[in-house]
Amino acid sequence: MSGDVLDALAEFLLEGRTPAWLVEATGGPGRWRAADTPRLLIYAHQVRGRQRGLLDAVFPRCRDVVVTREGEAAWFALTDACFRAHPMRDFVLHANARGFPAQLRERAPAWLAELADFEWCELRADEAAEDVRDATPDAGPLRLASTVAVRRYRHDLDAWIDGGDPHADARPGEAAVVFWRSAALDACHAVARADDLAVIEHLERGAGLPARLHPARDALVVAGVILGARAVTA
Amino acid sequence: MRTLQGFGLGLRPDFADALLATERELDWVEFVPENWHGVGGRQGRTFDACRERWPMSPHSVSLSAGGDAPLDASFLAAVRAFCARTGAPWWSDHVSASRLRDTELNDLLPVPFDDASVERIALRAREARDVVGAPLALENATWYVQLPGATMDEGEFLTRVLDASGCALLLDVNNVYVNAQNHGGDPRAFLDALPFERVCQIHVAGHTLRDGVVIDTHIGPVPDAVWALYRHAIRRAGRVVPTLVEWDTEIPDLDAVLDEVDRARAHCAAALAAGVAG
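Chains A and B supply the protein sequences, listed in that same order. What the first sequence shows, in our numbering, is residues 1 to 234, in sequence order. What the second sequence shows, in our numbering, is residues 1001 to 1278, in sequence order.
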């Protein structure tokens, strides 16, 4: 019986059932204290409130766009839909936000999903676990920092973020953005030029760098995207 | 292994850096492993600096001792690693469900106060404790509804869970107050019936009255009624029980939070000085 009640409670919270449904599903009003049934909504509000708080914290710019343009109710509907499609499976709270960019793929404006991906990559660069290979940045072979991620977008998100106007649309424009965490532990991003991407691709393949890429390599070393600087300068 | 003694504070990312900068007295720190697992960078360094400065104890919310989903092995492995990393003398979680249908609800849900729940929680708590390899303290949780099927009151339920599991009790005094306000009953009598020899730690916090229901919001400062109940608990214990202030809502400057830690210290001393009072 205990398990049946918990399963009904799960259905109530996860599927958005009403308190009346839960009461009926667990044997009817005679099995509940009258004062308690309205209080069931406290749990529904708390569960949804924490889910919304999670996305508010990880995707503040996306929230700003949706709330500014469509109102808070639209943001709430979006977060609720996200966690129905991507249930929280991970005990690490932030990890449960990873499904949000995919949730936005079919939604206007078209660049919103890319903005969500951008914010997710910023979070990862900021919070990613320490990697032992990064502990001695000047030593060892030339390599990418463990936090490096390259994402390709169809809109100029960098310019949009600089503009800071949630009413404005991001301009179309192919761009590759590199995310990483600096030696000073700052989460960084930058639009990658063709030579930057070539350097990163060479390192990923373990291939030697042609001399024409050395200037780009050196700039990436200074930024902290590439480690093993002593090997370069020796 | 490090020991927890005196008066502590729940570590929150909001004030973690400020905490490291303070010179004020603080004996130990509690942290929520779900917020710190796998976190590197600046926050990770902050955590490590706290670890070097204070004894620490993990206080998790994902055990779901009262739930029906299988225990999360990755969660238990993370708690085990945190216990080893911090030298914590114990870890703690709640007498509640937080994971149902293999989904994290990220909330502390009630369980029926019945025999089946006692057996399920005790079994899962023992299993979790064995996997983690450290003593487990279970916290009395708030509950806003009594689920159908109850065959005993909360006090008996809690005592039976502790007896069957062999776990220690993390006594949350604010939760005792909140539950008494919402369901009736004398909170002092509730405390008097608890097995105080099992109490290894106390939590104090604030709450919010919302639409006629007292909600456990961990807003501060700690209300006088909770301090009065805390003094009663300390008199009942007859010793300094490691006590922790939780402040999670509308967090002010760190000094205001640390003022509450000082108050806990003062209330504890006053209660013990007064001896066993009526």
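Some hints here could point you the wrong way.
[Stated by the list, open to error] Cβ pair distances, simulated, as ranges:
hint	chain 1	residue 1	chain 2	residue 2	range
1	A	V222	B	A1266	51 to 61 Å
2	A	A77	B	G1275	56 to 66 Å
3	B	P1223	A	D80	52 to 62 Å
4	A	T18	B	D1153	24 to 34 Å
5	B	T1022	A	T18	26 to 36 Å
6	B	A1256	A	A57	47 to 57 Å
7	B	T1151	A	T37	15 to 25 Å
The hints are simulated quantities; they were obtained by calculation from the structure and are not laboratory data. Beta carbons: idealized from backbone N, C-alpha and C, even for Gly.
Hints and how they fare:
| no. | hint | result |
| --- | --- | --- |
| 1 | A:V222 to B:A1266: 51 to 61 Å | 54 Å, holds |
| 2 | A:A77 to B:G1275: 56 to 66 Å | 58 Å, holds |
| 3 | B:P1223 to A:D80: 52 to 62 Å | 34 Å, violated |
| 4 | A:T18 to B:D1153: 24 to 34 Å | 28 Å, holds |
| 5 | B:T1022 to A:T18: 26 to 36 Å | 48 Å, violated |
| 6 | B:A1256 to A:A57: 47 to 57 Å | 23 Å, violated |
| 7 | B:T1151 to A:T37: 15 to 25 Å | 20 Å, holds |
Hints 3, 5 and 6 from the earlier list are contradicted by this structure; the remaining hints agree with it.
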